[in-house]
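**Student:** These are the residues of each chain, in order.
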Amino acid sequence: MRASFVLSEIGIGLRRNLTMTVAVVVTVAISLALFGSGLLIRKQVETMKDFWYDRVEVSVYLCGEASTGSQCQGVPVTDEQRRAIGEDLRALPQVQEVFYESQQEAYERFREQFADSPDLVDNVTADALPESYRVKLVDPTQFDVVASAFAERPGVEQVQDQKALLEDFFDVLNKLQLLALIIAGVQVFAAVLLISNTIRVAAFSRRRETGIMRLVGASNLSIQLPFLLEGVLAGLVGAGIASGALVALKALLIDGQLRPTFEFTAFVGWGDVLSIIPWLVLTGVLLAGVSSFVTLRRHLRV
Amino acid sequence: MIRLERVSKVYPTSARPALADVDVEIDKGEFVFLVGSSGSGKSTFLRLLLKEETPTSGKVLVAGKDLGRLSSWKVPALRRSIGTVFQDFRLLPNKTVFQNVAFALEVIGKPRHTISQVVPEVLDLVGLDGKAQRMPDELSGGEQQRVAIARAFVNRPMILLADEPTGNLDPSTSVGIMKLLDRINRTGTTVVMATHDAAIVDSMRRRVVELSLGRVVRDQTRGVYGYGA
Numbered sequence: 001m002r003a004s005f006v007l008s009e010i011g012i013g014l015r016r017n018l019t020m021t022v023a024v025v026v027t028v029a030i031s032l033a034l035f036g037s038g039l040l041i042r043k044q045v046e047t048m049k050d051f052w053y054d055r056v057e058v059s060v061y062l063c064g065e066a067s068t069g070s071q072c073q074g075v076p077v078t079d080e081q082r083r084a085i086g087e088d089l090r091a092l093p094q095v096q097e098v099f100y101e102s103q104q105e106a107y108e109r110f111r112e113q114f115a116d117s118p119d120l121v122d123n124v125t126a127d128a129l130p131e132s133y134r135v136k137l138v139d140p141t142q143f144d145v146v147a148s149a150f151a152e153r154p155g156v157e158q159v160q161d162q163k164a165l166l167e168d169f170f171d172v173l174n175k176l177q178l179l180a181l182i183i184a185g186v187q188v189f190a191a192v193l194l195i196s197n198t199i200r201v202a203a204f205s206r207r208r209e210t211g212i213m214r215l216v217g218a219s220n221l222s223i224q225l226p227f228l229l230e231g232v233l234a235g236l237v238g239a240g241i242a243s244g245a246l247v248a249l250k251a252l253l254i255d256g257q258l259r260p261t262f263e264f265t266a267f268v269g270w271g272d273v274l275s276i277i278p279w280l281v282l283t284g285v286l287l288a289g290v291s292s293f294v295t296l297r298r299h300l301r302v
Numbered sequence: 001m002i003r004l005e006r007v008s009k010v011y012p013t014s015a016r017p018a019l020a021d022v023d024v025e026i027d028k029g030e031f032v033f034l035v036g037s038s039g040s041g042k043s044t045f046l047r048l049l050l051k052e053e054t055p056t057s058g059k060v061l062v063a064g065k066d067l068g069r070l071s072s073w074k075v076p077a078l079r080r081s082i083g084t085v086f087q088d089f090r091l092l093p094n095k096t097v098f099q100n101v102a103f104a105l106e107v108i109g110k111p112r113h114t115i116s117q118v119v120p121e122v123l124d125l126v127g128l129d130g131k132a133q134r135m136p137d138e139l140s141g142g143e144q145q146r147v148a149i150a151r152a153f154v155n156r157p158m159i160l161l162a163d164e165p166t167g168n169l170d171p172s173t174s175v176g177i178m179k180l181l182d183r184i185n186r187t188g189t190t191v192v193m194a195t196h197d198a199a200i201v202d203s204m205r206r207r208v209v210e211l212s213l214g215r216v217v218r219d220q221t222r223g224v225y226g227y228g229a
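Chains R and B, in that order, give the protein sequences.
Using our numbering, the first residue of the first sequence is number 1, and each one after it goes up by one.
Using our numbering, the first residue of the second sequence is number 1, and each one after it goes up by one.
Pulled out of the complex, with its shape left as it was, chain B reads as follows (with noise of 0.2 angstroms):
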């Protein structure tokens, strides 16, 4: 579904490359931590499968397609196989709950029908039936996440990444979150999550690859956080 062949990214104002030849692979349905400290290349690697960012050298795949190939015309049908949740929830604050998750379907050109029938859909999925008509400053910070997962997901991507999702949340919260992104997976979408939270990796069991200063320094199937950590 993903793969990246010795794929290096340097910045034009920095000297040490964001990602320095990585080699990942990653298949359909499965869960994938991103883990490493901060300016380790997790959020280099999730804009390069958006094709935010181009490779200094190196190939990425998405869905079969080469990025590197892909003419910038065709750039917002890969977006829309792909869903993306941050930590920061990107919420219109003058829109309903139900028009933030509706303002994703209108702008690709869902017809109303279409959308007055998923947009509840997805709610309840999320967990989030009977506030549709709330404003995103009336939520608690997992309910607006909820929202943020509900507009990434409404379009059923075959991929969602999501990058700190649960880096503004506190614990318990996190493991609702963690649950649903959980309930995303088992419906086949491929999950990628760059994150900081050593419990939650440590409690999910899943795979795990760590970056280190722009390298693969570790790619588990059933990973923990760190050694030791």
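Only chain R is shown next, with the shape it has when bound in the complex (with noise of 0.2 angstroms):
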């Protein structure tokens, strides 16, 4: 079988069958487009979960004048208290490094991190803001040890894990991702479906030619081949064009609109979106020539 004569006869299966093969396309690009975003929901998570669990502190906030926490009522913390609390947390194992800040520093880094919105910062003195132990840990999941440790004690207003706060913004990227894929699968579904039926038309409308070719004896590879590969055709292009969403999802989405917004956190990088192409190239082609491929065995008898 000449590949010249192959192509030729997708190409008239291709245009025999426009309609049905560019529903095929946009069902094939719509569950990979998902299907990627899921994979790069994922990637964006394990990326954040990199530059942040090495940042990650647990702050111990002291009671200030200001402090309306029912352990300070109002008395700000003392000299004794401040010193002893820094010693102690020094002392812990799981304590890597303690850094302190005081009123005048925290409000400082108040007014870089609002600097847009000079009326909010006009309205905060050095008071307002608590001082502080800034506490790394050597194992980052391991905060219970240093809450139960001081949330309790005299002078401390409350101990706050920041890692807590990271966990439930994962959750809701997670939780993303799940639909993504879910909705993913739905259309994969319906993609083998689609793909399905379209072969089993393409065999239909041509069955005085395969008949033909089976009488004065071609293969059942070159029989089933051109029908094979205009599914795994329509497959690839869906997979094209979701590579090609992924990429303004990237480009667009996340460099465009999300990085100049959320500066002081990573995003997933070229790298990544690199790397997921391949396979959703290897998932479109799989599914259009699985699904192809048992619809020719059931629909091309020979």
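There may be inaccurate statements among the hints.
Short, incomplete list of chain B residues facing chain R, as computed with Cβ under 8 angstroms [claimed, not checked]: (1) 79; (2) 84; (3) 108.
Hints in this document: simulated from the structure, not taken from any laboratory.
None of the values given here were measured: they were computed from a predicted structure.
Backbone N, C-alpha and C define an ideal beta-carbon position, used for all residues, glycine too.
Since each chain sits alone in its own frame, please combine them into the complex, following the hints.
**Tutor:** The following block contains the structure:
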């Protein structure tokens, strides 16, 4: 079987069945784009974990004049308490490093952080912000040790774990990923049915040709190959569109919108996007190839 | 060349066998008419030779091969050694005469230079020289059947099966087709032709195998269509 002959047969088949082929391409593209987004979200969570788990700290806020916590009741921490808390923190084996942040330092950091909102900064004075110990743990999951030892201590307003805030955020991302994958799964199911139906229609509309091919002794492979390649080609084009969508997602949404807005965190890089694309292509080709093949076995018996 | 040994074929949807205990041997180079009324088993006979059907019992041998033992991936090779012609021509309407004949070679992977050489030769043989670029619907029925015969014969098969090839043609056109089949037979090709056409059978004076209700009721070497018919 000459390649040019197979190619011309594929061309005839695709043109004859154009509406169905377009439907297959669109469905495959959507399902793979969602699948790719799901993978990208996971990469994003991993990227953020790498980035943040090195940076998260446990904050031990000390009572100040503005403190409203039930433990402080407006009584600021004494020098003695502050010193003892610092020493005890440094003595814990789970603790790697401890930094002290005074009210003035907290205020400067606050001003820096909210430089875009001068109204907010103007309304806050250094006295309103609590002084704190910033504790870096050897293992960021060991927050409970610090919390249980210091939360009830006089002079401590609150022990806050930044990791807990991150976990909430990761939780949202994981749910988003799950949602994307579920929709992708439903779309894949629809794509399989569509491909199978398209191949069936194609086989039916070319039953004259295939009948003659069988009669003159064409091999099963050469009878089925044009149909199979038609399916695979549609899958490939769909995967291409999905890859394009993923690239657009990275360029326009992540780099164009999110990165300038959320400068303090890390985002997935081009390497992550490029590492997902081969999987999309592979999935698209396998999806179309396998469903075409199974359909052909049922509808093009030789 | 072709041998059926005690062959029976029962279709699952029918109680009566389509073929019952058929013993027929056809030698290389023979011309055999397969006659009988509709439903007598002629088409089943031909389909068994192509392994489009497998017998319920008995043995079918074609060119020395037992089709019951032939694995499915060898069936295409079997079909390449058999040309087949039908009553309804089965041409591809969107391809020219040349392309229709070439299609049979393209799908079995023959190189282009072979195709451009043998297709005009076979069109010449069947009397269609000069009509290679016509579309099937521009041709008469007889000419369309000649295209179908050209397609069946282009690969020079050992056996040519014809299932009522003159069924859609008027008598004078049919004579032309029979002359062509006779010519192909004289090149050494075994021809098996199922037909209802008494005039043709009587005029050709070739071997006649008559089937009735799936049984061979007559096998004459220089036969006519039917006693008293």
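**Student:** Does each hint fit the structure? Answer for all of them.
**Tutor:** Hints, one by one, checked against the model:
no., hint, result
1, 79, "holds (4 angstroms)"
2, 84, "holds (5 angstroms)"
3, 108, "holds (6 angstroms)"
In this structure, every one of the numbered hints holds.
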